[in-house]
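Residue numbers (our numbering), protein chains in the order written: chain A, 1 to 287; chain B, 288 to 437.
Honestly, the hints are just simulated from the structure, not real lab data.
Here the structure is a predicted model, which is why all the values come from computation and not from measurement.
Among the hints, erroneous ones may be present.
Said to hold, decoys possible - Cross-link-like lysine-lysine pairs, in silico, DSS-like; alpha carbons within 25 Å at most:
1. B:K413 <-> A:K173
2. A:K213 <-> A:K194
3. B:K418 <-> B:K345
4. A:K194 <-> B:K339
5. B:K437 <-> B:K413
6. A:K234 <-> A:K150
7. A:K194 <-> A:K183
8. B:K418 <-> A:K213
9. B:K418 <-> A:K194
10. B:K345 <-> A:K234
11. A:K234 <-> A:K213
12. A:K194 <-> A:K121
13. A:K99 <-> A:K150
14. B:K345 <-> A:K213
15. A:K121 <-> A:K173
16. B:K345 <-> A:K189
17. A:K121 <-> A:K150
18. B:K345 <-> B:K413
19. A:K194 <-> B:K413
20. B:K391 <-> B:K339
21. A:K153 <-> A:K99
22. A:K153 <-> A:K234
23. A:K189 <-> A:K234
24. A:K121 <-> A:K213
Take a look at the letters that make up each chain.
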Amino acid sequence: MNYSRFIAAGLGVAITTTFVAATVVAGPVEDTLVIDDEIEIITRAPSSEGHPLPEVISGWHYRTDSTRAMEADSFANGGMLGVEQGAALWSTVEGSEGKSCESCHQDAATSMAGVGAIYPKWHEESGRPMNIELRINACRVDNMGAEPYKFDKGGQKPLTAFIKHQSLGEPVKVNLEEGEMQKWWEAGKELYYKRTGQLNLSCASCHELNNGKHIRADHLSQGNVNGFPTYRLKQGNLISLHNRFRGCIRDTRAEFPDAFSDDLMALEVYTTWRGQGLSVETPAVRQ
Amino acid sequence: MIRRLIVGCCAGLALSGIVVADGVAPDAVEIENLAIATPLTSTVGNAEEGKKIFANRKLGNCLACHANSDMADQLFHGEVGPSLDGAGTRWQPEILRTIVVNAKAIFPETVMPGFYSLDVGADVRKDLIGKTILSAQQVEDVVAYLETLK
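Chain B with its partners taken away, still in its complex shape (with noise of 0.2 Å):
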């Protein structure tokens, strides 16, 4: 028991050591039990932004895939994945992070992208190479969101 948590105290402790200015790198992020539970920056996430990210098509653009009831005033949802309504309800935060960082570590076969990955695809775009679609604080915002879909 007390073992239990001592390595849980290391764990966390080395997680935080690599907290760079805009959070943890990419390459950095741990996943145990398929759940990421220290949040990748400080900042604690903002839902009103993460709202914003996940209908920007330049950013989330989660809608393409998705429908999502608390987003009826936007045209067209998409049907490749579930529908996000109750998905708060449904995943606790640390997984959802873990979701929205890299999908495949839950559903391997999945076509979401790997928001917060640099486990990509091949011929990646020469400007996007060694970047991810979100940044940390992006990755925040958006679990704060998921977590108000009740």
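Here chain A stands alone, though its shape is the one from the complex (with noise of 0.2 Å):
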């Protein structure tokens, strides 16, 4: 039988009807972010040499009109309550050594001002990167004598929060220099372009692809981090990125790395480098 008629003629149909699609497909909505008339905050910057897309775009141009002017009024950030936890555990004395994180630190504002925007980083002790978590966790076990949080739970969320968010419009810069920060950035390229589960799909598939077009209700972003811990509304709580990073995994019908694991490290590493530009948002807030 010969089908090649049906079939010239299907996919001349087929691409004419991605291309009218392609051309009403709502994208990124024009509008700038300055947080309470204050903070100006880079949410388009141009991409890192050898990134695939032209123009790093911050996930809250595909947010609803309300969704970003929560954002824009830290009254309103459901994200600030968490960040406000995440103050008093700055000065909330722990373990045997009897320190807190502001024994050592004193006044976050100085201290931790452009922290939360340069992680994760190399670590050379623990011969890997290190993002602002595994920080806390460290300097809970090694300087406090306090145990460390296990993932998502305590004071994880709120503190790192509280601690990104003395970053809030520092632009999110890593640096590949240090250690083996580039062996790590493409083991993360890698499972980015990975197609895993049932569905087969890579967050690329999603987010290089497809951003800027609607999944069913969902507007798919860039997947860009330099938001993270961010308020969902869904939730109505912080989320972390490791958890952010399960979900969308999980999404494909895959099993899904642990938290802190090599391969959400290297993912870590690589998904910050791609947003690299955007100001940190923390707490950004989101669907």
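Two independent chains are provided; combine them into the complex using the hints.
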């Protein structure tokens, strides 16, 4: 049998319809983010050399008018409650050494300014990249004589949000020159393009090829990480980055790696690089 | 000419020989010239059922990626794939079957999942290993529904 006629016709139409659809797609909203009429947030930036997309765009541009407005006003931003909890934890003495974070680092507004913008960074002792969550745990164990926080438990999310919030507005920058960061970047890149699960999708399938389009009710963004921990309206709570990663992988109907595993740390290094140049938005407001 | 007919006939026999209770096994589906000529099951596809499977988020979830004017009552149609209006006119049923079974056989790089294929991604959830997204009969039902989209 000869189907080529039908295939040709079919492909022709498919290409035109895709094209038409692409022109009516909502895409990122034109708007600028200034928090409390004071702190200017870089939500669009030229991408780093070697980046597949011409411009990096914050997930903020893909959210609805009311969600964007919530992030622009720190009284309306539900995530600021978590930041306040984090501020209290900063000064709370715990562990055998009778110390709090404040005992060593004093005023976070000074000592932590800019810190959240340059993590994850190379950690020589452990021979792997360290994110803020792991940094907090290292300080708890080594300097306070306290238990490390379990993933997403205890004060992990609020304290991480509090520390990152001290860099609000600072452009994200990772240092790939230090230690073996380049190797982790490469491992992360491989994972970003690896198709997983029964649905056979990679991060790139949704966030590179299809950002700006709707997948049912969800408006796909570039999947940037500059707002984490984010305040998600759906959960009414702070959501950590590794929780988000695991959720996206789970949605492909795949087994997902442990939080802070080599795989997710590599993915954090790589996705942080992809969003370089965007301001820290923690706690960003998302659906 | 005769030889072609014989070959065609034997291919048909070979296929019908491995039809199991719920249809041809996913790894035994034969795609030729981009088409799957023989239905996956002996029960003719039911377009009504296919329509439900198309919209169901746990089954086809086709609306996640495709708009479809026939479902104007449903909120939120996806934009990742092309609109399926007129899909039944654009494509022969045998090709539609291939697209649903394993869209990569026609669009090699596509993000559209293979609904009756074991050619899947890495680290598949343990309870889903060796399983397809839809059953053979559900594929036939969806194809029957797509044929109604004129």
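Do the hints match the structure? See the list:
no.: 1; hint: B:K413 <-> A:K173; verdict: 37 Å, violated
no.: 2; hint: A:K213 <-> A:K194; verdict: 21 Å, holds
no.: 3; hint: B:K418 <-> B:K345; verdict: 14 Å, holds
no.: 4; hint: A:K194 <-> B:K339; verdict: 31 Å, violated
no.: 5; hint: B:K437 <-> B:K413; verdict: 39 Å, violated
no.: 6; hint: A:K234 <-> A:K150; verdict: 23 Å, holds
no.: 7; hint: A:K194 <-> A:K183; verdict: 17 Å, holds
no.: 8; hint: B:K418 <-> A:K213; verdict: 29 Å, violated
no.: 9; hint: B:K418 <-> A:K194; verdict: 20 Å, holds
no.: 10; hint: B:K345 <-> A:K234; verdict: 20 Å, holds
no.: 11; hint: A:K234 <-> A:K213; verdict: 20 Å, holds
no.: 12; hint: A:K194 <-> A:K121; verdict: 24 Å, holds
no.: 13; hint: A:K99 <-> A:K150; verdict: 20 Å, holds
no.: 14; hint: B:K345 <-> A:K213; verdict: 21 Å, holds
no.: 15; hint: A:K121 <-> A:K173; verdict: 10 Å, holds
no.: 16; hint: B:K345 <-> A:K189; verdict: 30 Å, violated
no.: 17; hint: A:K121 <-> A:K150; verdict: 21 Å, holds
no.: 18; hint: B:K345 <-> B:K413; verdict: 17 Å, holds
no.: 19; hint: A:K194 <-> B:K413; verdict: 18 Å, holds
no.: 20; hint: B:K391 <-> B:K339; verdict: 24 Å, holds
no.: 21; hint: A:K153 <-> A:K99; verdict: 20 Å, holds
no.: 22; hint: A:K153 <-> A:K234; verdict: 19 Å, holds
no.: 23; hint: A:K189 <-> A:K234; verdict: 29 Å, violated
no.: 24; hint: A:K121 <-> A:K213; verdict: 33 Å, violated
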